Structures are given as structure tokens and as C-alpha cells.
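Listed in order, the protein sequences are those of chains A and B. Per our numbering, the very first residue in the first sequence carries number 5; after that it's consecutive. Per our numbering, the very first residue in the second sequence carries number 5; after that it's consecutive.
Hints are computed from structural coordinates only; laboratory data are not their basis. Be aware that a few hints might be false.
Derived pair list, reagent style BS3-like, types lysine-lysine, alpha-carbon separation capped at 30 angstroms [unchecked claim]:
no., chain 1, residue 1, chain 2, residue 2
1, A, K28, A, K72
2, A, K82, B, K82
3, A, K28, B, K113
4, A, K82, A, K28
5, B, K113, A, K72
Some chain A residues close to chain B (C-beta under 7 angstroms, calculated; not the full set) [stated by the list, open to error]:
no., residue
6, G20
7, M43
8, L47
9, P74
10, A76
11, F78
12, N106
13, F110
A few chain A residues that don't get close to chain B, going by computed Cβ distances all over 12 angstroms [what the hints assert, rightly or not]:
no., residue
14, R13
15, E22
16, R26
17, Q41
18, M44
19, R45
20, S62
21, E87
22, Q108
23, T114
24, R115
25, S117
As the structure is a computational prediction, the values presented were derived from the model and not from experiment. Quick reminder that beta carbons are idealized off the backbone N, C-alpha and C, glycines included.
The primary structure of each chain is shown beneath.
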Amino acid sequence: DAGVIQSPRHEVTEMGQEVTLRCKPISGHNSLFWYRQTMMRGLELLIYFNNNVPIDDSGMPEDRFSAKMPNASFSTLKIQPSEPRDSAVYFCASSFRVRGKNIQYFGAGTRLSVL
Amino acid sequence: AQTVTQSQPEMSVQEAETVTLSCTYDTSESDYYLFWYKQPPSRQMILVIRQEAYKQQNATENRFSVNFQKAAKSFSLKISDSQLGDAAMYFCAYRSADGGSNYKLTFGKGTLLTVNP
Chain A
5 DAGVIQSPRH
15 EVTEMGQEVT
25 LRCKPISGHN
35 SLFWYRQTMM
45 RGLELLIYFN
55 NNVPIDDSGM
65 PEDRFSAKMP
75 NASFSTLKIQ
85 PSEPRDSAVY
95 FCASSFRVRG
105 KNIQYFGAGT
115 RLSVL
Chain B
5 AQTVTQSQPE
15 MSVQEAETVT
25 LSCTYDTSES
35 DYYLFWYKQP
45 PSRQMILVIR
55 QEAYKQQNAT
65 ENRFSVNFQK
75 AAKSFSLKIS
85 DSQLGDAAMY
95 FCAYRSADGG
105 SNYKLTFGKG
115 TLLTVNP
């Protein structure tokens, strides 16, 4: 398996622009997670889907952030409008949700820079 | 809410030597999982080792082993025969064993490990 695939690898944009990050989970996995990594706050969960349904979005910082999972093989995280403080590395992870076997596998992340 | 603390922002070790990275956590749950992830400069998060809280036996994966002290809420990672490729940021993480929204990972702030030749 190719693992969790994220695109783009790097994104540089200007403040106020819309940014869309993409994630393809590992085939067969039924849970998907979006995390954000910053120097100040470390790794934080933004949102978690199970069977394409958002289960916990309490980590989404503001209404400017939205995430969708239209099918089992694709998810997006959108920031509109973007701000400099959104600059971070965004990780997508997927897992197969079975009690005791829920190991999360991470993508390589998208480094977002908002100027 | 659960918290994970890594008290060593940076550690260094000589190649072929052994190093131990510390992690403590706070939880009121009795059933949970603990993980160590490695993040090399490539940025990829790689699972190193996993421990189930209900298992008393410490997990081992080749040169990597843990010292799990449930009563003390301590979960340290020992790397034996350190190699240059072990240089990375290491994150300790906690996950509840319950369902619902508790499948998220709670991470520590990380320990940057340098391996000296």
C-alpha cells in the first residue's frame, strides 16, 4: 500500500486566500484524522471522521476551517480566508477502527505558509 | 482531559550507545494505549512502538523497548545500539481505549534526539 497520501507537500499563499489540503487514506481504513503541528502548540487534533462522518470537530479552531470527507478515499481540509497564524504543518492520518487495533498511520504532511 | 508530558526537549547519544526518553501522562482512565512516534527530518510520522495499558509486559520492537509503569503513569522509550538513522523528534502519545470521540491521539511536545558518530 502507498500509505496515506497528502497533497500538496508545500503550500505558500497570501493572507486572505483560500487553501485546500487533500488527503487520501489507506485503502480499507474507516477512520481519518486531521492534525496540525506548530512549534507553540505541538500536534493537535483538528477533526476526526469515522465512516466518512465527522465525529469530533472540537479541535477546529475557527469557522474559517472546514473539512469534508465525501467518500472513503478522499478528504479535504479547507481554510477560507487564510491568515498568517494558520502557518503550520497539517497531517492527515488514517486507521481501521477496531478495538485494540486502532493504529494511526500518518501522511507526510503539508507545510502551509501564509504570508 | 488527558495530558502527555515529555520533560526532555533535547537529548543526545553516541552511536552504538543506549538512550532513554521520558514520558509521563495524566489520565483517570484505566484502559488506554500508549505510543511512541518518530518524526525524522523528512517530517513523516512513523510509529515506533505501542503499549496496551492492560498488559504488564513491556513492549519491544528490535532495538526499541519501553518501560511502562502504570501506577506512576510513566512510559519511557529505550533505544539500544543507537544508529545515526535514529536521529529524529520522538513523540509520546496517548489514546483512550474507549470508543466514540476518544480515538484521537494526545501528543507530548516531543524530544529531539541527536545521534553523534
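Task: Hint numbers contradicted by this structure - done: Hints 2, 6, 7, 9, 10, 11, 14, 17, 18, 19, 20, 22, 23 and 24 contradicted; others consistent.
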